[in-house]
Amino acid sequence: MAIPILFVLSVFLGIFAYTTLVERKALGRIQNRFGPNRVGRWGILQPIADGLKLLIKEDIVPRRADQFVHFLAPVIAVIPSILLFSVVPVGTRLVPVDLNIGILFAFAVSTVSVLALFMGGWASRNKFSLLGAMRAVAQVVSYEVPMVLAAVAVVMAVGSLSTLRIARAQSGGILNVTNWFVFRPWGFVGFVLFTIGAMAESARTPFDIPEAESEIIAGYHTEYSGFKFALFQMGEYLASIAMAGITVTMFLGGYNGPGSGPGWVGGLISMFWFFIKLAFMIVLNIWIRGTWPRVRVDQLLGFAWKVLLPMSIANIVAVGMWHYLTFRPLAWVATTLWLVLWFVTLSKLAATENVAPRTYRYAS
Amino acid sequence: MEAIEKIKEVAAQAVPGAKLEIINSTPAAQQPALLVDRDHIYAVAKFLKEDPRFQMDFCSCVTGVDYLQKADNPGFIEVVYHLYSVAQKHGPIILKVRAPRELDQCRVPSLTSLWRGAEFQEREAYDLYGVRFDSHPDLRRILMWDEFTDHPMRKDYVPPADYEWEPTPHHDTLERTVQVGGITPPTAREELEKARKK
Amino acid sequence: MIQPLTEEKQFTRTPGSEGLIETQTLEVSIGPQHPSTHGVFRMDCVLDGETVVALKPVMGYLHRNHEQLAERMAWLGSMPYTDRLDYLNSMSNNWAYALAVEKLAGIKVPEHAEYLRVIMSELTRILNHSCVIGFMLQDLGAWGTPLLYAFRERERILDLFEAVSGSRMMCNYMRFGGVRVDMTSKDLAVAKNIVSRFPRFLDEFEMLLTGNEVLLARMQRIGILPKELAINASISGPMARASGVEYDVRKIDEYGVYGRLDFRVPVGNVGDVYDRYYIRVLEMRESIKILQQALHDIPAGPHVAPEVKLRNFKIPPGDGYGRIEAPKGELGFYLVSDEGGKQPYRYHVRPPSFINLTTLEDMCLGHKVADVVIILGSIDIVLGEVDR
Amino acid sequence: METIFWILSAITVLGALFAIMLRNLVHCVLSLILFFLGIAGHYFLLRADFLGAVQILIYVGAVAVLMLFAIMLTRHVTGDEGPREVLGGKWWAGMGTAIIIAGLLWAIIRKDQLAQILPAGGAQTSMVEIGKAMVTDWVVPFEAMAVLLTAALIGAVVIALEEVIRRR
Amino acid sequence: MGFIGKGLLDGMVVTARNFVGSYFDKERLVTVQYPEERVQTPENSRTFPFLVYDDNKNPVDTMRCVACKICETECPPQCIYIVMDRDEKGKPRQRPKVFDIDTSVCMQCQICVEVCPFDAIKMDNDYEKSRYGRFDELVEHLPDLLKSNEYYGRIKPTEATVVDAKLKAEKEKKAKKAAPAGAKPPTGSKS
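These protein sequence lines map, in sequence, to chains A, B, C, D and E.
Per our numbering, the first sequence runs over residues 23 to 386.
Per our numbering, the second sequence runs over residues 22 to 219.
Per our numbering, the third sequence runs over residues 124 to 511.
Per our numbering, the fourth sequence runs over residues 403 to 570.
Per our numbering, the fifth sequence runs over residues 4 to 194.
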């Protein structure tokens with residue numbers, strides 16, 4: 023048990039450090055810039071330089087801040103994010119902890135992180151921080167529900183909450199690929215819903231409203247500097263990586279891929295596949311961050327309750343249909359139709375006059 | 022649009038009692054203005070805005086000008102309004118109104134209730150020239166800070182000598198800064214010594 | 124930035140909340156140090172939750188008494204200072220000032236120079252509009268991607284400006300009666316190249332932005348400025364046209380050679396942030412048309428009126444007002460010349476972005492904090508011009 | 403195990419005490435969260451993983467956060483409350499309560515089978531059994547609870563709607 | 004129109020195109036890696052003024068500036084300070100003793116160049132003028148300002164040719180005018 027845990031702590035922290043670099047490089051290239059390229063070749067030492075810089079920066083605490091809570095918040099921000107990794111099966115032979123309630127544990131732990139955001143924002147005694155904290159709380163509470171419901175679909179299909187069993191359920195098929203849940207109608211919808219929920223939960227663009235820099239400066243961590251700030255960033259990145267890992271496990275077949283298997287060789291191959299998929303999810307996150315503008319807080323909540331929630335409930339029904347219609351072609355047609363119907367209806371309902379193309383005239 | 026003489030005539034009919042006068046621009050600019058007395062500026066402006074012949078619905082530019090005392094006049098602050106018409110696409114009609122330079126008497130009626138566009142510009146004129154616009158909804162300083170007491174665009178404004186020493190090659194400025202006192206970096210004195218030796 | 128929290132001052136009861144759940148309003152000072160106030164600008168907001176219930180713009184942090192400086196130096200001396208008004212568009216600022224002085228002094232500008240001025244100011248317009256859209260999207264949280272695309276294209280235009288006028292942003296290019304340096308045939312070819320490739324960039328830009336659902340949801344029906352208010356509040360430029368005001372100084376005054384050029388003036392219907400965004404896109408397309416014609420038609424001739432002296436330039440006593448359609452709106456200069464006429468007796472700038480701020484509160488009320496920043500972004504202010 | 407139990411118990415009791423004794427309301431809620439987490443730890447210690455996770459998910463993730471949210475919406479979030487006296491002059495009421503609770507606990511420990519230590523069945527069984535129990539033996543209370551909550555939800559919506567309408 | 008979400012996907016196509024394009028298309032990646040790479044500034048590019056002299060061996064005596072102070076009066080931010088050189092008797096020497104330009108005040112507007120009747124002051128294109136000091140180190144004195152005509156010809160060839168031709172013509176005219184009057188022919192030709 024110790025080795026997997028050490029593995030998680032070292033490898034994922036390394037991934038976190040280099041995700042920041044990859045993100046900055048990729049965003050740079052998306053924006054036709056170079057990105058960091060001064061520290062080492064291709065900026066390869068940039069994360070280390072950043073870490074050193076943040077370590078030796080002065081730690082500033084506002085005079086009127088709530089000292090204890092202000093100190094506690096960044097610590098609490100990191101712990102749940104690291105705990106999340108404990109249930110992510112990295113390879114056939116490498117699961118840190120195989121909890122029977124894996125998915126539930128993940129959700130339970132990830133909700134704790136919102137406390138950190140709230141504590142940080144509240145303790146700073148800054149109005150912008152406070153606004154950020156309020157936004158964070160509202161956002162995370164709303165997005166939990168559709169996210170959990172999207173996960174319920176998978177749990178229903180597998181019949182277990184254990185992440186390892188979910189991953190195992192997706193093996194087999196052609197090249198260990200066709201059984202991935204994302205290649206089922208309900209799985210695809212679930213994947214999209216869960217990805218959106220995960221992005222919102224970890225406050226990534228376009229849902230980064232708790233720290234929307236153009237509106238409320240830096241939201242809940244406006245008054246943090248130095249290593250405390252780094253801890254917040256770390257918690258956020260680790261959470262988003264862990265969420266990506268859980269998404270991979272639940273929908274993208276986990277560690278399954280061509281050549282993965284129970285043996286040592288198969289195990290190594292399965293780890294390879296897992297990290298490839300994880301990288302895909304991270305890159306998708308970065309790509310979206312480089313492209314989309316941010317949504318507004320009320321739109322975000324409206325989207326969660328009016329679109330995602332009905333859709334995820336419809337998805338659960340779809341899984342039920344899939345379960346009972348054992349004649350597969352019929353199940354495909356029925357669930358697809360059902361979900362498309364819902365998608366179209368919800369799009370119609372969501373599209374108000376606020377989102378419509380316009381025509382323009384020219385002055386005479 | 023009609024010539025300025027016509028406008029004057031029409032306005033004089035519409036607003037009885039208004040003292041109107043034509044003031045010429047530079048010969049090339051061809052923008053004669055209508056000088057209106059303080060008591061009737063609002064009525065004349067309202068007339069020009071509402072009369073279907075003019076419809077001056079766009080108050081483009083509001084500003085003050087400080088004319089110092091001269092041989093032939095006692096000096097005054099002039100407020101200039103440039104009016105255009107968006108509806109009829111003509112203009113400008115330039116309205117001028119004069120007020121004495123003394124701060125307590127320097128008052129003119131505000132035209133903000135006719136044109137919202139005059140709001141910030143009248144505030145600016147108040148800030149920089151000290152013109153009080155009566156019945157302006159929010160007459161505060163806009164460019165200078167609230168605690169500032171003077172009106173810096175007046176021609177007789179003397180800037181306070183509390184500015185920071187700047188490395189200027191003009192030694193008279195340097196000398197003055199040192200004389201005035203305040204906080205001057207030691208280099209300023211050295212610089213001055215050097216300049217004097219030269 | 125943020126005042127110390129004092130219990131009494133900070134919280135006041137929301138008006139009209141009697142009998143409801145007791146909520147308190149929060150006074151937040153957005154700015155002067157804030158990522159999206161486009162400089163040192165402050166908005167005193169009173170928030171009910173996230174909704175704005177009152178907002179007062181506070182400016183003057185960049186005030187340097189530009190007008191008084193100008194009244195202390197010769198007519199020509201203010202020309203480089205006009206570059207610093209709206210520092211994105213120094214070319215059109217130059218033109219406005221030159222135009223006003225020419226009006227006062229009765230100077231006839233050679234045709235070649237007029238065309239050069241049109242080329243430069245329309246290049247400035249597309250530069251400004253693309254950057255403004257970028258800044259606006261920055262405020263929307265697009266992490267600078269559209270802004271950097273706009274900067275990429277702006278770079279080519281700035282390179283041309285540097286090649287012609289010697290400086291990228293502080294061009295100081297126009298002179299009374301013409302322009303300072305002529306464009307060589309090489310410069311004209313570069314300009315043609317820029318113009319021919321710009322529509323491609325615009326298409327890419329629009330593919331990235333115009334149909335984007337998040338952007339539509341964020342921009343449409345936000346910050347509506349009705350047409351009547353727009354006229355009454357002296358709003359000018361793209362902002363007024365987005366509200367449906369059919370007014371463009373280029374069409375009304377036909378200054379320069381605009382009377383001869385064929386272009387249309389796009390007008391919006393709703394007057395919200397989205398219209399202000401899209402009107403700018405359409406204006407860029409029209410500017411491309413103007414540039415194509417101007418680059419094609421440009422006649423040979425002197426680039427500056429030979430009779431205008433550089434030194435000891437004098438204007439007969441009197442006043443006058445000259446205005447142009449700058450990218451941000453109607454930019455005017457009201458000048459008074461005194462006896463002697465060697466320097467302006469009065470020099471007043473009619474800054475479009477300053478006056479366009481008049482209706483900021485009207486547009487923001489009832490919207491969220493997140494909308495305030497994009498409404499401000501859609502007004503397109505440059506603090507160098509607002510504070511002067 | 404024993405040590406962990408005592409540590410968890412200490413955390414739980416401290417959390418509970420702070421929750422009622424601290425001056426600042428937000429601090430109280432944060433202490434309450436500590437208490438919830440301590441309880442969750444106890445569940446985990448008893449190998450009732452499911453209950454522990456649900457405890458965190460529901461109580462920490464939802465209930466406490468809602469409390470914080472409510473405080474933020476209605477109270478002077480940034481200000482300290484004035485000094486609060488614990489129990490005030492009514493210490494005898496607290497004493498009485500404590501005595502009654504102690505008596506009850508003693509009775510339960512002595513008599514009831516709840517106090518008997520059952521063999522822990524592990525998480526899987528506990529989850530499956532909870533599920534089965536919910537839809538067989540306890541289906542009526544379960545559904546009644548569901549109906550009750552739905553009614554409460556609708557009631558809240560109606561009240562909120564009224565306010566919205568009145569505000570317009 | 005398509006479906007909801009099409010605009011979002013379109014945007015992602017654009018950014019992906021730019022991401023890939025930035026590796027292959029020089030047009031898309033316009034950043035210049037400054038200390039290693041430098042942009043060739045165009046000829047018209049201007050930074051701060053300098054004073055032109057003609058003879059490399061004797062810069063002070065052959066500088067074109069005659070200390071007429073026109074630039075000092077015309078300079079909008081008044082960053083130029085000139086003191087005319089005088090000999091022992093107090094007779095003006097037609098050249099500056101002190102010529103200071105405060106580069107922290109100078110706004111690179113080129114008006115001094117335009118008003119100079121002697122083509123004595125010209126705009127440099129050296130943009131690496133950062134200094135450690137905020138005050139004195141930013142004031143450029145006469146020795147720093149003097150630069151040769153060759154340097155001018157090197158940084159602005161087109162402009163310099165015109166100026167040189169003009170000066171030469173003026174000189175010849177002067178010489179012609181002087182010759183009939185019986186004065187000495189000019190010595191120390193500058194050309």
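These are computed hints drawn from the structure, not numbers from a lab.
One or more hints might be untrue.
Chain D regions said to be covered by chain A (calculated; three or more residues, Cβ under 8 Å) [what the hints assert, rightly or not]:
1) 465–471
2) 548–559
Derived DEER-like restraints, expressed as beta-carbon distance ranges [what the hints assert, rightly or not]:
3) 447/D with 90/A: 21 to 31 Å
4) 469/D with 25/A: 35 to 45 Å
5) 387/C with 46/E: 36 to 46 Å
6) 90/A with 415/D: 31 to 41 Å
7) 33/B with 120/E: 50 to 60 Å
8) 181/E with 48/B: 26 to 36 Å
9) 8/E with 73/B: 27 to 37 Å
10) 159/B with 46/E: 30 to 40 Å
Here a beta-carbon is modelled for each residue, glycine too, at the ideal position from N, C-alpha and C.
Earlier hints that do not hold, by number: Structure breaks hints 2, 6, 8, 9, 10.
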